[in-house]
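Take the sequences, apply the hints, and build the full model.
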Amino acid sequence: MMEWTKRHRTQILCVSSLSVIVLGMIAGTRLFDPRYARENGQSTEKPSNKSDADLQAGLESNETFLPTEIEHQELQRSTNTDSTIRVAQSPLTSHAGIKSGDAFDLPTQAARMEPDKLEQRAIEIAQALVVRYPQDAEPLHIMALLKARLKQSLAAEQLWQTCIEISPASKYLTNYASIAMNRGESQLAVDMLTKYASITKDDDVIRHLATALLKTGRADEAEQWMLKATPQSAKSPPMLQTLAQIQLELGKAEEAEANLRKALAMDSESANAIYSLSMALARQGKRVEAAEAIQRYKKLQSSVRSSSSLEFESLAEKAAIDSTIQVLTDCAAFYAQQGDLHSAEHLLMELLSIRPADEIALQALATIFGYSKDFGKQCIVLQRIAELEPQNIFVRFQLADSQALSGEPLKAIETLSAAISLEPKRLEGYSRLAQLYLAQQRPTEAVDIAQRAAQVLSTADSFELLAYVYDRAGRSSEAFQAQSQASLLRGEK
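Numbered according to this note's numbering, the sequence shown spans residues 4 to 496.
Some hints could be false.
When the alpha-carbon atoms are kept at most 27 Å apart in a straight line, the in silico DSS-like pairs for lysine-lysine are as follows [what the hints assert, rightly or not]: (1) K120 with K321; (2) K302 with K289; (3) K198 with K238; (4) K120 with K154; (5) K265 with K301; (6) K428 with K414; (7) K302 with K265; (8) K238 with K204; (9) K301 with K289; (10) K321 with K302; (11) K231 with K255; (12) K154 with K321; (13) K289 with K238.
Listed next, with one range per pair, are the computed distances between beta-carbon atoms [unchecked claim]: (14) A158 with K198: 17 to 25 Å; (15) A261 with T233: 16 to 24 Å; (16) A261 with D451: 58 to 66 Å; (17) S306 with L413: 43 to 51 Å; (18) Q123 with K289: 46 to 54 Å.
These are calculated hints, taken from the structure and not from any lab test. Each residue gets a CB set at the ideal place from its N, CA and C atoms; glycine is no exception.
Rendered as structure tokens:
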């Protein structure tokens, strides 16, 4: 086969298996969701004022900017389910642990439970993980996050201290420091972070240490630590905001304003940065601009509160649901990381019984079914995602892959045809469909699709697709002509 055919196969035409969605996304993605944001470089936090007790997960008040972060976890490629934990049976769902061949249905209506029962269920789930992995810091971290959300700050602080004794990871150190400061124990945070800051050389640890030093009246020392941060990290919104806070304390209002404007250029909806900007402007005598910043802050705050009150009848119920969802999310990610996909599936199904349209959980569940090669169930899950995201062409590609692997090529063809209609200028849809036709020994249809791609797109890649399909169909002279056209479009001789 011609050299260009080999190149084209690797560049364009290989039908990819279902793309691996790292299951850690089910924890990590929520960092960019207003429900769970922790200002990890992109602030989506709910605006708050100085009267709000913002201890959930060790979150900072407006004065400290201390995020509590849930790490991105990676899904190890494993289908080992022999050591499945018997997670406490949930009153919410009976879907967990469904085996291949059993009836499988996704929840369509949210189960309702009282907030106290939801919180108790979250505790049960987290405790089961701690019991299963008593020597691992991560289950304790998940429990600590839950305790923080439930306003049990002392218990959370003690759990994070134990995590640090097992493994002084950045997220354990910063969460410990955050909640210690919110409890008025900033010196404890200084002592702990000073011990590890030089060892870990982690910029987030440095940022928290600087804030703790600022709270204990050592602004000069805090500024020196901030200057040790890596240049790239120092340009992130959280680092810029923390540095601005220190500069305000040192009387460097002009420098603080400059850093806050840089932070807002990257994240214009950060209520904390807007509030601090108003202070920096006021201290320079820029009263009009300061007043405008305050009004912007209040408007953002009012908008979020109004949206929240319209969407949720009970803030207590919302908090309980969010806590349970996050615990289910984190525990499912951890089980999957350990190779226990059965328990991960169990918890994701329980999550969906509480929030049936949670796309993060649905995508993670689809990934689990892909690893276990249960493509029939995977198709059901991906179909639900496609219904929730009708404009997402990548979900359609995933669904088509799964349909083909489950022995339903006609459905895969239908799905890819719909994807092409959705984005007719994207070559990938044509190439996937042409390759599927070739795999089904239908070269005439494959040629038709490739010709259509070349006609619609008229790009070098589209003519390489046509050349490849012609070659596979045994039409070598036409393949040569198509490749010549591709070379011409690329400016090749």
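Now for the hints, and whether the structure bears them out:
1. Restraint check: the Cα-Cα separation between K120 and K321 comes to about 13 Å, which is no more than 27 Å; the hinted pair holds.
2. For a cut-off of 27 Å, the pair hint linking K302 to K289 stands: about 20 Å separates their Cα positions.
3. The straight-line distance between the Cα atoms of K198 and K238 is roughly 25 Å, inside the 27 Å bound, and the hint therefore holds.
4. For the proposed pair K120 and K154, the alpha carbon gap of about 16 Å is at most 27 Å, so the pair holds.
5. For the hint pairing K265 with K301, the CA-to-CA distance comes to about 21 Å; that is within 27 Å, so the pair holds.
6. Between K428 and K414, the direct Cα distance comes to roughly 22 Å. Compliance with the 27 Å bound is thereby established for this hinted pair.
7. Straight-line distance between C-alpha atoms of K302 and K265 comes to about 21 Å, which keeps the hinted pair within the 27 Å bound.
8. Between K238 and K204, the direct Cα distance comes to roughly 17 Å. Compliance with the 27 Å bound is thereby established for this hinted pair.
9. Simply put, K301 and K289 have alpha-carbon atoms about 18 Å apart, close enough for the 27 Å limit, and the pair holds.
10. Among the hinted pairs, K321 with K302 is consistent with the structure: their alpha-carbon atoms are about 23 Å apart, no more than 27 Å.
11. The straight-line distance between the Cα atoms of K231 and K255 is roughly 19 Å, inside the 27 Å bound, and the hint therefore holds.
12. For the given pair, K154 sits about 15 Å from K321 by alpha-carbon distance, which is consistent with the 27 Å threshold.
13. Among the hinted pairs, K289 with K238 is consistent with the structure: their alpha-carbon atoms are about 25 Å apart, no more than 27 Å.
14. For A158 and K198, the Cβ-Cβ distance of about 22 Å falls inside the hinted range of 17 to 25 Å, so the restraint holds.
15. Against the hinted window of 16 to 24 Å, the Cβ-Cβ separation of A261 and T233 comes to about 20 Å, which satisfies the hint.
16. Separated by about 60 Å at the C-beta atoms, A261 and D451 satisfy the suggested range of 58 to 66 Å.
17. Checked against the given bound of 43 to 51 Å, the beta carbons of S306 and L413, roughly 48 Å apart, stay inside it.
18. In this structure the supplied range 46 to 54 Å holds for Q123 paired with K289, their Cβ-Cβ distance being about 52 Å.
Taken one by one, the earlier hints all hold for this structure without exception.
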